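Chains as they are written, first to last, in our numbering: chain F, 1 to 276; chain Z, 277 to 617; chain Y, 618 to 948; chain L, 949 to 1092.
Keep in mind that the hints are not guaranteed to be accurate.
Taking lysine-lysine pairs in the DSSO-like style, the calculated list, with each CA pair at most 30 Å apart, reads [to be verified]: (1) Z/K312 with Y/K629; (2) F/K10 with Z/K495; (3) Y/K807 with Z/K311; (4) Z/K535 with L/K986; (5) Z/K535 with Y/K739; (6) L/K1064 with Y/K821; (7) Y/K764 with F/K10; (8) Y/K851 with Z/K609; (9) Z/K553 with Y/K735; (10) F/K229 with Z/K311; (11) Z/K312 with Y/K667; (12) Z/K535 with L/K1064; (13) L/K1064 with Z/K344; (14) Y/K739 with L/K1007; (15) Y/K821 with L/K1007; (16) L/K1083 with Y/K807; (17) Y/K821 with Z/K305; (18) Y/K821 with Z/K606; (19) Z/K348 with L/K1083; (20) Y/K739 with F/K76; (21) Y/K689 with Z/K564; (22) Z/K311 with L/K986; (23) Y/K689 with Z/K348; (24) Z/K348 with F/K35; (25) L/K955 with Z/K344; (26) L/K955 with Y/K844; (27) Y/K807 with Z/K606.
Computed list of chain L residues with no C-beta within reach of chain Y, every gap over 10 Å [what the hints assert, rightly or not]: (28) N964; (29) I988; (30) V990; (31) P998; (32) Q1006; (33) S1026; (34) Y1044; (35) I1047; (36) R1049; (37) T1052; (38) R1053; (39) E1074; (40) G1080.
Derived from the structure by calculation, the hints contain no laboratory data. From a predicted model like this one, the values you see are computed outputs, not experimental measurements. Ideal Cβ placement from N, Cα and C applies to all residues, glycine included.
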Amino acid sequence: MNNQEPLIPKVGTITDVRIDTPDVKTFRVLTPDGKKAFDHKPGQCAMLSIPGVGEAMFSITSSPTNTEYMEFSIKKCGCVTEWLHQAEVGQQITIRGPYGKPFPVDTVFKGQDMLFIAGGIGLAPLRSVINYCRHYRDQYGKIDIVYGSRSKDDLVDYKEIIDEWCNDDGINVHLTIDNPQEGWDGHVGFVPNYVKELGFSTDKTAILCGPPIMIKFTLQGLQDLGFEKTQIYTTMELKMKCGVGKCGRCNIGAKYVCKDGPVFRCDEIDELPDEY
Amino acid sequence: MRKISLDSLAAFFEAVSANMPLYLPVDGKEGASYKKWEPGATYSKALNTNKSAKDFFFPQVENMMAFKTEGKNIEVLDIREDVGPFAIFGVRACDAKSFSILDRVFLSDPVDSFYKNRRDNAVIITVACSRPLETCFCKAFGIDAAAPGGDVECVMAEGNVYLEAKTEKGEAFLKQVEAATEAADAKAAEAEQAKIRERIEKLPLASLSTDRFGGGKTKEYFDSPLWEELSANCLGCGTCTFVCPTCQCYDIKDYNTGKGVQRFRCWDSCMYSDFTKMAHGNIRNSQKERFRQRFMHKLVYFPENNDEIFGCVGCGRCLAKCPISMNIVKVMKTLGGAERE
Amino acid sequence: MQRVTRDALVKKATELLSAGTVDRVLGWRAGEFSYDVTPYVFSNAEALEKDFVFDDFCGANFSKYLIKECGKSEGKVLVFLKPCDTYSFNQLQTEHRFDREKVYAVGIPCEGMVDITKIREKAEGISSVEVEDSGYVVKTLYDGDVKLTAEEALAERCLSCKSKKHVAYDELLGEEGEVLDSNRFSEVEKLEAMTPDERFAFWKGELSRCIRCNACRDVCPACSCEKCVFDNPKSGVENKAIADSFEEKMFHIIRAFHVAGRCTDCGECSRVCPQNIPLHLLNRKFIKDINGFYGEYQAGEEVGSRAPLVNYTTEDLEPSEAVGKGDGENA
Amino acid sequence: MSMNEFKPKIVAFCCNWCSYAGADLAGNNRLNYPADVKIIRVPCSCRVNPMFILRAFQKGADGVIICGCHPGDCHYTSGNYYTRRRMALLFSMLDYLGIERERTRLEWVSAAEGAKFSQTMNEFVEAVTALGENKRLEDLRCKE
């Protein structure tokens, strides 16, 4: 009998739970013997499940350069995520992966100035790339990060952003929140507008992730600034069950998000039918 | 080439069964369906089975794994069973072709071991379609119902069944049951095959063409206003997908038995409203979108990803079974703009 | 034999369209063969003239289509209803599932609809099916003409037709029929006369063929819930598959129970079942029991009647008395 | 497992206002009934959906009994009248499918009828014991 079965997962233990925002927690997952469950590349996903509750796909938010553990920043929105949010340290779950095509960090992105734009929980998949670029700092040019959320409390990974990213040389972090708030002296306004205000030069590669409406307007804004769609990458999410391109539900036209995605270049998305 | 007389088929089945379980179409209240051969069982005269033969490799439900949970701990139990060799007799050309389409899904990287374990163990004995039906249109997909392929190919002519091995597995299989068969020349079988090909040319759907479909046609058809009209009265049931030999979408679900959780896989249908429903919404909210997905997948997306092979084999089951008689032939003709004028 | 012709329906539909009474017509469109007609909404006279068909294969019950159809436009939709369809029409109205004001119902007489599955059992490779005298002639690809009597070709539900009377319409084509003295419970009685072991074996044989395609539910006019319990992940019974022999039993028992007292016995469930499961025998058992236990009741006979399961008397029989009394005193 | 060792698993749906109190009374009066009867308290016997009964069988029950207020005594005026109709039809349907009719039962037990509760349960357990294990409405996945 063939013993390799992609659908049979490994056991993972939650070794740390960090409360990021009122509805986002970051979970650290290791195998029971304290190792990383598998290696991955920036932008790839993993299937997490709780037996009896369900299985769902999450992007791996920790960088591949982190050899000790994997992290997942998860927003509470469905039954699996709700269950995870009440899980305690020591709880075991199951994990399989990695799935999907990663960001081309070792090819196209090499030597480029990078512009990361994220909204809300959209930072989760980008964090992996950002930290990867920080780790191999000399291989990439200037890094700009525009990140916005509803309020200061809804900024995921705020501590890491302030303590680490903001202190790195050559990294400019631009934070914004939707509405004015006490104790916030930073920028106020929506991400797409902020991107336009900042007026980036068009020699950068942009990576976008956030709610569909934010992506739509930011994409427009970047094009107004003179960016080509071939310079802009994003990552998508659709209903997935198998993660291996067989169960048949995550396709947009002939492309399967779990296999051909989740990372797409924006001009590739134009080629897809409007069903996402 | 070997032969057996139709009258001594039972002896042949018995000889096969002595080596491995044999499945063949047997008549029942639903029409013909594959059953395990037992003494007394008769091979159905029906052209095809009610449900397709995909069940052998991709059953409607299969338990994949079990979980034992204790406190915070989880144990994953591999409950896959060993599969031994088995034979399927009476597979028609369309279903035989459907296996190669399923192979492209399940045997592509990463290989689905559930499927592969069964596939590796099966001996497929096909039978040429002496009397193809009005609902048949396998010819449109380049399938020759007179030479159905598989491991062993059978042609029924002049009161005999002519058997020819098509693969090494088929040769070994025929060797095993050599005593139950006798040597034959190919003349009678070839004459029957020629007649079958003539009959196929005369079928009502013989002129159906796939020329207007294939990879790269997404833009051409996706936004067609015809989808609205075609899908308007679709009930959204899963009949077409479940009788279809090439529909392979599945769902993975957990079942709490009270003593642990079993994770099983079951057939799913893109026609169902919750097929793409996830926590934050659904991307295919109307039946039109779901209906379009099914046919675009077979006629455009699948060929695009699989060297221009269509995801349909023209078995005609959906033509016979759809509660509102909407089917891929009507879709092809309407979208293709032919004949309806 | 009283038949309504395709031309009479097209004429009526064209009249109503041009008078502005309706803005679209729910009818049938021809398929590839003589038997595969598809429900279709026509919106002009040209389309009607070109594509409208009506023959003995037009068996689909259009009542349920009205739920969706009424939401589509401000205008009225013309629907043709066979006598059995009018019962579902009334029942759906009782349940406030569509807007009666948006429908123009034309009752059409019916002498029974053909069951293509039955014809397939008798004739292989069907080129065409035509009405001849009181039966049908099936032209086949290989065996020449096969003659079938009406009984050999008609659907079971039509052979045990309960009523040729239309209980609802705005206009009637042809003459009104009568409620018939039907033998529709005879199969149920046969089952009741069996031993429990025989009954169990019978139903196991039938229900184990179920593939959970949900066609019976999706076509059923009484199954008009916006979210079926079997589709609701929170119900705990949401299952797409017959994961064990239990599941198919539960699905069919519960489905029959959910429509009990509201099922008009239109027979669509059995018509659409791809596995030929006689699902109507479950519904008819409930109908027969209801008649026997609580007095004759025909769902859909009149709009607004109170269904037996949302009603009671203080004198109702106890379940212990009910079981096995299935034979009831059928009036 | 031999027949004389067989102890059926029984699920009893008891109306909060009468039968559940009846069970309490049976307990207070030290009246015996088998411990294999698992009571599920429901606000009214008419809360019992046919699905509950089938699910109980699926998950391993050998018998299901529903206990409610006597007709006319329903806390909600008429709930148990509806129960009576529903269960009459459901039990008849189960019988029609060849499922042993002794596995399901509806009984009226008031808050004062501790003795009746205990007697009913004993009788029911006895009847189900005689039938043996539930095979016709079992879910194989839930078996050992």
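Right, here's what the structure says about each hint:
1. Taken as a hint, the Z/K312 and Y/K629 pair is broken in the structure, with Cα atoms around 55 Å apart against an allowance of 30 Å.
2. Restraint check: the Cα-Cα separation between F/K10 and Z/K495 comes to about 41 Å, which exceeds 30 Å; the hinted pair is violated.
3. For the given pair, Y/K807 sits about 28 Å from Z/K311 by alpha-carbon distance, which is consistent with the 30 Å threshold.
4. With a C-alpha separation of about 18 Å, the suggested pairing of Z/K535 with L/K986 holds against the 30 Å cut-off.
5. Between Z/K535 and Y/K739 the alpha-carbon distance is near 50 Å, which puts this suggested pair outside the 30 Å criterion.
6. Simply put, L/K1064 and Y/K821 have alpha-carbon atoms about 37 Å apart, too far for the 30 Å limit, and the pair is violated.
7. Proposed proximity of Y/K764 and F/K10 is contradicted: the alpha carbons are some 64 Å apart, above 30 Å.
8. Our distance criterion of 30 Å between C-alpha atoms is broken by Y/K851 and Z/K609, whose separation comes to about 41 Å.
9. The suggested pairing of Z/K553 with Y/K735 is violated, with an alpha-carbon distance near 39 Å, which exceeds 30 Å.
10. Between F/K229 and Z/K311 the CA atoms are separated by roughly 56 Å; this puts the pair beyond 30 Å, and the hint is violated.
11. Between Z/K312 and Y/K667 the CA atoms are separated by roughly 50 Å; this puts the pair beyond 30 Å, and the hint is violated.
12. Distance hint between Z/K535 and L/K1064 is unfulfilled; the C-alpha atoms sit about 34 Å from each other, more than 30 Å.
13. Only pairs whose Cα atoms come within 30 Å are accepted, and L/K1064 paired with Z/K344 is rejected, the gap being roughly 42 Å.
14. For the suggested pair Y/K739 and L/K1007, the alpha carbons sit about 44 Å apart, so the restraint of at most 30 Å is broken.
15. The suggested pairing of Y/K821 with L/K1007 holds, with an alpha-carbon distance near 19 Å, which does not exceed 30 Å.
16. The hinted pair formed by L/K1083 and Y/K807 meets the criterion: a straight-line CA distance of about 24 Å does not exceed 30 Å.
17. Taken as a hint, the Y/K821 and Z/K305 pair is honoured in the structure, with Cα atoms around 13 Å apart against an allowance of 30 Å.
18. Straight-line distance between C-alpha atoms of Y/K821 and Z/K606 comes to about 36 Å, which puts the hinted pair past the 30 Å bound.
19. The straight-line distance between the Cα atoms of Z/K348 and L/K1083 is roughly 34 Å, outside the 30 Å bound, and the hint therefore fails.
20. Distance restraint check for Y/K739 and F/K76: the Cα-Cα separation of roughly 59 Å exceeds the 30 Å cut-off, and the hinted pair is therefore not satisfied.
21. With a C-alpha separation of about 15 Å, the suggested pair Y/K689 and Z/K564 falls inside the 30 Å cut-off, and the hint holds.
22. Only pairs whose Cα atoms come within 30 Å are accepted, and Z/K311 paired with L/K986 is rejected, the gap being roughly 42 Å.
23. About 52 Å separates the Cα atoms of Y/K689 and Z/K348, which puts this hinted pair outside 30 Å; it is violated.
24. A hinted pair counts as satisfied when its Cα atoms are at most 30 Å apart, and Z/K348 with F/K35 qualifies at roughly 18 Å.
25. Among the hinted pairs, L/K955 with Z/K344 is consistent with the structure: their alpha-carbon atoms are about 27 Å apart, no more than 30 Å.
26. Distance hint between L/K955 and Y/K844 is unfulfilled; the C-alpha atoms sit about 40 Å from each other, more than 30 Å.
27. For the hint linking Y/K807 to Z/K606, the alpha-carbon distance of about 42 Å lies beyond 30 Å, and the restraint is violated.
28. Look at L/N964: its CB is around 21 Å from the nearest CB on chain Y, clear of 10 Å, so calling it non-interface holds up.
29. At roughly 15 Å from the closest C-beta of chain Y, the C-beta of L/I988 stays outside 10 Å, upholding its exclusion from the interface.
30. With a minimum CB-CB distance of about 16 Å to chain Y, L/V990 clears the 10 Å threshold, and the non-interface call stands.
31. For L/P998, the shortest C-beta to C-beta distance to chain Y comes to about 5 Å, within the 10 Å cut-off, and the non-interface label is violated.
32. Its closest Cβ contact with chain Y, about 5 Å, brings L/Q1006 to no more than 10 Å, contrary to its assignment away from the interface.
33. In this structure L/S1026 is not separated from chain Y by more than 10 Å, as the shortest Cβ-Cβ distance comes to only about 7 Å.
34. A beta-carbon of chain Y comes within 10 Å of the beta-carbon of L/Y1044; the shortest separation is about 5 Å.
35. Not every beta carbon of chain Y lies more than 10 Å from that of L/I1047, the smallest distance being close to 7 Å; the non-interface claim is violated.
36. Distance to chain Y contradicts L/R1049 as a non-interface residue, since its nearest Cβ pair spans about 5 Å, not more than 10 Å.
37. Against chain Y, the non-interface label of L/T1052 is violated: not every CB pair exceeds 10 Å, the least being about 8 Å.
38. Not every Cβ of chain Y is farther than 10 Å from the Cβ of L/R1053; the closest lies at roughly 7 Å, contradicting the non-interface assignment.
39. With a closest Cβ-Cβ approach of about 16 Å to chain Y, L/E1074 is found to remain outside the 10 Å limit, as its non-interface label requires.
40. Interface exclusion of L/G1080 from chain Y stands, the closest Cβ pair being 14 Å apart, more than 10 Å.
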